[in-house]
Every structure is written in structure tokens, then in C-alpha cells.
Amino acid sequence: MKRLVLIDGSSYLYRAFHALPPLSNDAGEPTGALFGVVNMLRATLNERPDYVAFVVDAPGKTFRDDLDPNYKANRPPMPDDLRAQVLPMCEIVEALGIPILRIDGVEADDVIGTLARRANAENIDVTISTGDKDFAQLVRAAEPDRAGIVLVNTMSGSRMDSDEAVIAKFGVRADQVIDLLSLMGDSVDNIPGVEKCGPKTAAKWLGEYGTLDGVIEHASAIKGKIGDNLRAALPRLPLNRQLATIKTDVELERGPAELALRERDADALRGLYARYGFKQALRELEGASTANDIASDRAGLRATAAGHARGGGAAEAPAPELAAKGDYEAVTTQPQLDALVASLQAVEEFAFDSETDSLDPMQANLVGLSFASETGRAVYVPLGHDYPGAPAQLDREAVLAALRPVFADPARRKLGQHGKYDLHVLRRCGVEIAGYADDTMLESFVYNATASRHDMDSLAKRYLGYDTIKYSDVAGKGAKQISFSQVAIDDATKYAAEDADVTLRLHRVLGARLAAEPALEKVYREIEMPLVPVLARVEANGVMIDGDELRKQSQELGKRMLDAQLKATELAGRTFNLDSPKQLQALLFDELKLPVLVKTPTGQPSTNEEALEAIADQHELPRVILDYRGLAKLRSTYTDKLPEMVNPHTGRVHTSYHQAGAATGRLASSDPNLQNIPIRTDDGRRIRRAFVAPPGRKLVACDYSQIELRIMAHLSQDEGLVRAFESGADVHRATAAEVFGKKSLDEVSGNERRAAKAINFGLMYGMSAFGLARQLGIGRGEAQDYIALYFSRYPGVRDFMERTRQDARDKGYVETVFGRRLYLDNIKASNQGLRAGAERAAINAPMQGTAADIIKRAMIDIDGWLAGHRERALMILQVHDELVFEVEDSFVEELLAQASRRMAGAATLRVPLVVDSGVGINWDEAH
DNA sequence: TGACCATGCAA
DNA sequence: TATTGCATGGTCA
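When we follow my numbering, the leftmost residue of the first sequence carries the number 817, and every step to the right adds one.
It is possible that part of the hints are untrue.
Said to hold, decoys possible - Computed Cβ-Cβ distance ranges for the label pairs, DEER-style:
id, residue 1, residue 2, range
1, L1387, A1545, 46 to 52 Å
2, K818, R1047, 47 to 53 Å
3, K818, D1273, 43 to 49 Å
4, L1605, A1430, 52 to 58 Å
5, L1442, K1415, 32 to 38 Å
6, G1649, G1680, 34 to 40 Å
7, G964, G921, 34 to 40 Å
8, D1273, A874, 29 to 35 Å
9, L1068, R1091, 49 to 55 Å
10, R1229, G1649, 43 to 49 Å
11, P1054, D920, 23 to 29 Å
12, A1155, R1619, 19 to 25 Å
13, P1051, E1074, 38 to 44 Å
Derived from the structure by calculation, the hints contain no laboratory data. Note that beta-carbon positions come from the ideal geometry of N, C-alpha and C, so glycine has one too.
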């Protein structure tokens, strides 16, 4: 299939001018923008397009000026330094043999749009090279035998080649981009949009209503200030749509097929490059024309790229050197690759690391791989560096094919740092890893969960006394951060090879330390390491979400929020931001003079739920705020956000589990957190109905009943508590009967059971009489009596608590049933608050941590069994004491039996482990 | 833009 | 003066 590249010349010239330093040649002529454009053009031509055009704006009015006299009215005149570079640029473009298009009365955008559509219709693949995001409206995914339209921005390295890519960038499909731009407006072109409506808001509205017309139709339903802004902007929006639409039907003299690349004029180019001081381009010209010095040519390109990718670096001056601290080398030739593979096959273990362009392992693209098998030496294999002028790299597929047997060989031990990430990335490239044997993050976590963070930079500092190159050193940070694929290969090599090297060196230290602590070694070897591939699978499986259902709920919640808001405004007598605790505090406590009964940790009057409940009998407003808060929480955190988290490749939501997240050994979940999906209220519960099974499948949820209390019974060996669990009775009711002296469970009142439950839970968190009193809304003395009574009935529990505190003081740590250790740095602190906090943590950690160990063991066991049934059942969620599976209908019974049995058998305690389960077409039903 | 605070969701 | 987490919107430097 033929390919056409359309270059948005004006856009590049402006952007290069502003992105690059004000360089000049020996004669003092400005060259910065020129330099950027020339590099971009060379990179473009290196890809040998069949047709190409360099499109620039012509002077004069266009149809947009007629539509809106203010269009582009506030655009400043072109700076002189930039104007001076326009002519030389055109000369260079001409000399390169690229056709220049400049059509009177037609903007470059419309020329490009027209050519793109025509070429696409003629089944020519189109690449639009521009820095202007508006072109996303033209993107069209290629299909087999069907040309597509791709948008690339070589300055930022971004690429949009499908609706998914457009969604990732803008949150809307390509066909919604015009509507998005219409809502946002464009300050550069002086198009006023909806005030305060940025890309997020616009995308949200379009997600709800589909099109601009849909948004206009529902404008009255949008609440708040932003809704007013929208309504104010309504008359303007149709005009914005016309302005934002790139025309695709302009009359042109030349069609796509008449844009063939001409022979370049080497003599003219040589003169121009020399005049403007483009030494590397000049060298490339000479090198290619004589074709006898490939190596130096490549070196030249690399130096150019380094200067370019860093943006601020002087054009031809080398970038400031990153200090390479070991013998680090880039692998870019076949002989080097052969040597690497041979060396990996010759060793028993090696460290590896992957570099990518995203933190999300379910979306990241592989940019390079690094390896180290002896300390102080490492190599980096760049695979996807695609900045302008990037040197030739080995073919990605060929490299992966060569490495696949090494990764798949379980006898060759692989080491990593947070290897679960790399497992995902490589799996998505078709490389499965067997023999993932050690992970320095987990070694550190098991060795001492609280001594340091477990990222590589912290570990290197702590255990090696070594300062690593930081990611921000090579890629920048904040808004200016570039993708790793844009990092110069020399810099990338130092950074990436160091990662592998440091991983190996850390393992030498941490592996030895763990080996000296057999109990910890066991936790690491038998629980944490085997769990890595299990978690990777759970994450990759993901969960199916009914996005339409959630969007429907969002709309409904929005309506109810609006009602609450109106009522609140009425009650307050003025408008205020219901989301602002500060404004609310001023209103309630200063203006309405309601009493301050609760304060925040910083001493401010609190407006939290407890505080509002306490004053709800004195004024109607607190109740309305509480209602509003409940709705707003559900909408902002769940119903609005979850649909946005659907992975465009898989159509499912993939959380990340942090294995070294919680010091107690629990997992933590993020992006999104699927461990805090509401369940306690009816409105909240509805959200769980949007976690669904596909047709022909069911969700199965299995959860441990009272696991932490059972662990407390086991650890304390308290006869009464053990008996309660052995009898199979409702443990809170049994506790109430004991504490309140009832002869039979039937005599326990609801209130007594509630009190007993509060005591049971409170004890596990190290709660005091004060806390219990507050929880139950009773006097402190009464609470103290309950606790005393409890301890007299369950003396084993009291002894266990005291023993645990003493243990913590003596040893400085507490441990779980399986030997996981938690150090408590503050247990001997002189600060009484810190010490009390450490004591509470000491009491809680063995129970929470043992529960975490148990469910981890169950997950490993169940995953092993599921290996033979991957088509029929998937483990998809873990929520501390619960596992959720997605199961084929015909396999539900089998899975229920196996999962329950394996969970219950994951530990043998003094009391039985009981597993409850449920089945349904959604998570609510299954629970 | 980043950091912090207040708030609230889960086990 | 109740454990462990994560995400939100507001606010401020």
C-alpha cells in the first residue's frame, strides 16, 4: 500500500521556534526553528514515503475569517526571528525534493484535510505530521487492505492511529473531536468556548450525551456554575463547530498521486546546511552519498538526537553527560545481539528490566530491554526509540524472538525489581517468562516492610549507598516530561543498563540478608514470589464493567445532587460550594452559629459526617449536606470514573495490585482501586451491579467469614472465643451473651449484639474505652465497664494483647503466624502519642497480616488449580478477605467447591476457617 | 502544578 | 483517643 505524508509546515515552524533555544549560525542568522524542522524532515524522509507534501498557510482571508471577524484576531504578528527563517526553510524543503503546497484563500489545515480524505479514498495510507491536536478529527484506523489516517507529532513523539488512541488522548472518539473543540474553544485562534470547560469536562459531557447536539439538548440538566456557563455559550456553539471543522472538500489542482517525492538537490542542500551550520545533517548527506561510513553517520545522528530530545540543549553541542557508572553498552547490531543471547544462555541467573512509554503496564509499549549477569556490566537493547534522527535499532520482533527461549527457560533464574510490571509488558509482546525467581522490591519488603520505600532508587541508596540516575534526569518531569521513546539512546543506555545492574547488585545484598533469616526467607520464597505471576494474571484478566449502567447512574445522581444543591442554597440563604469544607465551615459555624462538636486533626471545626450528624437536630442544612455528600462521593469517585478506566484494548478494567503496599502484608489496589467499591448503602450497592459477567458466565464471590477474629482466637487460644467459633454460632451474638450474662443466644438484644460487635472490632484495632464510648454513643465509664467485663470473660484475649505489646517492646517487631515480620520503630518513642500508635499497630498487625498471608496462599493454590481450566474460570479480584471469579455457567459448581475448599484449607488454625460464597450475573448478586 | 487538607469508600 | 489502604475536590504557595 502506498503512503502519503502530509506535513503541517506552519505548525512545525511555530512549535520548533518556541520549543528550541534561539540558535544562530556564525553569521548571526536565527536558525533554531529551522533546525527543528530540518531534523523532523530528515526523520520523515528516512521512512521513505511514496508521496509527501509540505503544506503552509497562504496570506489572505479564508472562509473562517468570514464566519467570525474575531477569528485569530488576537494572534500576535510573527516574530522577526521566526519570519527570517521562513524563506530558508522553503529553500531546504525544495532542495529535499518535497512538494510545497500553499493555496491562496485556503488554510493549510483544510488543504491537509482534503488531501488526507482524498488519499484515503484512493486507499493510500496517510500520515499527518503536525503539532496541532485539532487534526485528531481526521484519524481513522487502518484495517487489513484498507488505508488509514494516522496523526503523528514528532516533537512530542505522540501518535494517534485509531479511535482508541484518540480516546486515550482526548477521552472521545475521532468523530467527537470537533464537538470537543467546539465546547472547549481555542484561545490561540480566539474562539470562545464554554467558560471553564476544558478537555475533561467536554469529554465528560460528550461521553454522556454523545454529540454536541446532545449536549446542547441536555444543557438544562447540567448543574452548577459550569452548567450556567454552558447555557450562556449555547448560541455560540454551532459557529464554533463550523470553525473547528477541518474542510475536506477544497478544490485543489494537485491530487495525492501528484505529490511524489522528487530527487533531492544535493548541491543546494550542501550549501544550505553549511550556511546554517547543520553539521550532522551535512555529515549525513556526505555519508549517504558516499555510502562508506555508516558507523560515523549513525554516531552523528545520535548526537543530533540527544540535543533535540532534550529540547533545551544547544543544537549541535553534546548534551550534558550523564555519568555512566558501570560498563554499559547499547546493543544495536546483530553480532552484539548474538553475543548477548549467548551470554544469557551461559549463565544461571541474570537481572533484566524493560523500558516503556507508560506507567500503565496494560497499555505500555516496549521501548527497550536491559540485562545484567555480572555486577558492574550491563547492556541495553533499544527497540522503540523513535525521535527524529534516532539511530537504527534492531528489529523488535527479531530481538524478542531471539530472547524468547531464554525468558521461557525456567532453569535460568530471572531477577527483577517490581517484575510484575515487566511480566505484563513482555506478555503483551508475546514473551512469556518462566523462572522469575527473585524480585528485589519483594526482598526488601519482606526483609523490612517499613525501613524504606521499596522503589529501586530508595533501595540503591539504602542498601548500596548508591545514587542512581533518576528517571527525571533522562526524561524530565512534570508537563515537560517526554516519553522514554524520545530519550536519546546514549542517555537511555546509561539509565536502563544501570537499572539491570543495580537490580543484580541489590539482589546480592538483600538475598544474603534474607538467607540469614529463615522465617523471612520462607515468607518470601513460599508466599510473595509465587504470588507475582498470580497477581499478574488477575490484573490481566480484569473485570467487565457495564459502562452504560454507570453513566445512567451518574445522570441520576446528578439530578439528585442538583435538588440537594437547590435546597441547600435555599436553607443557607445564599450560594456556596457544597464541595468546599472551608466554605461550609464558615457557613455553619460562623454564620449559623451552630456548635462545634468535632474538630479536624489540625484543629479546624470539622464538617465531616460525625460533626454534621451531631448538629442535624438543630438545623435542616446539615442533613441536606450529608445527602449531597453521599451522592457526590458515589458520582465523582465511582460512576463518573470507572467507565473512563476501561482499557481500550481489552474492554475491561484492570486494577494494579501493590504487593509491597501495606506494611502488614495486605495488598493494595489502585488505578482504579477496586478494593473500596461501595456496599453499605443501597445507592452504593447499585454500583456493584455494574461489575458484570459476560453472557454465559457468572461472577462467583468467596469470602472468609470473620477471618481476623478467628485469627485472634487462634493467637490468643482463649477458650471462650475458640469455643464460640467451634460451635459455629454468630460470634458477635455469642460475645454479647458472654459479656451481658445471657443464658442463651436468643436472649441477646439487637443493641447488645451491636455493642459486642463494636468491642470485637475495636479490640482488633487496639481501641480504648474512649473510642468505644464514642463509637457506641455511650458514656466513657460504661464503655470501660464493657471492656472490663469482656476481658474477664475472655482472659486469654487480654493476655494475648499484653503479650503482643511486650513482644513488640522486647524485640522491636511483631510477626504473623507464617513468620512475616513488622518492625515498629515507634514502640519505644518518648512521644506518648507515637508510642500508643505503635502499640495499636502491634496488636493489629499480626491479625491483619496473618489474614493477608492466608488469602495469598489460597490465591497461589487456586491459581495452580485453575491452570488447567483457564478457558472456564478466571480469578479477577481480591478484596482482602474475598476472591471474585468469572466462571462459565457449566463450571460454577466445580469452582465453588474447589475455591471454597482451598480457601478454607489455606491455613490450619485452632479454629475452623469458614468461607461464604455467592453466585450472580453481577458482583452485587454474587455477594 | 504540586503538595496538603478534609473527606469518605472498602476490609 | 480504632487498623490498613486509595481517590476525590478544594485550597494555597
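Status of the hints after comparison with the structure:
1. L1387 and A1545 have their C-beta atoms about 48 Å apart, which keeps the hinted 46 to 52 Å range intact.
2. At about 49 Å, the CB distance of K818 to R1047 agrees with the hint of 47 to 53 Å.
3. Between K818 and D1273 the Cβ separation comes to about 48 Å, which falls inside the hinted range of 43 to 49 Å.
4. Distance hint for L1605 and A1430: a CB-CB separation of about 28 Å, inconsistent with the stated range 52 to 58 Å.
5. Checked against the hint of 32 to 38 Å, the pair L1442 and K1415 fails, with Cβ atoms roughly 18 Å apart.
6. At about 45 Å, the CB distance of G1649 to G1680 disagrees with the hint of 34 to 40 Å.
7. Distance hint check: the CB atoms of G964 and G921 are about 30 Å apart, inconsistent with the given range 34 to 40 Å.
8. Checked against the hint of 29 to 35 Å, the pair D1273 and A874 fails, with Cβ atoms roughly 52 Å apart.
9. Taking 49 to 55 Å as the suggested C-beta distance range, the pair L1068 and R1091 does not conform, at roughly 33 Å.
10. Restraint check, R1229 to G1649: a C-beta distance of roughly 46 Å satisfies the suggested window 43 to 49 Å.
11. Here the CB-CB span from P1054 to D920 is close to 28 Å, well matched to the stated 23 to 29 Å.
12. Between A1155 and R1619, the C-beta spacing of about 59 Å breaks the proposed range 19 to 25 Å.
13. The hinted range of 38 to 44 Å is satisfied by P1051 and E1074, whose Cβ atoms lie roughly 43 Å apart.
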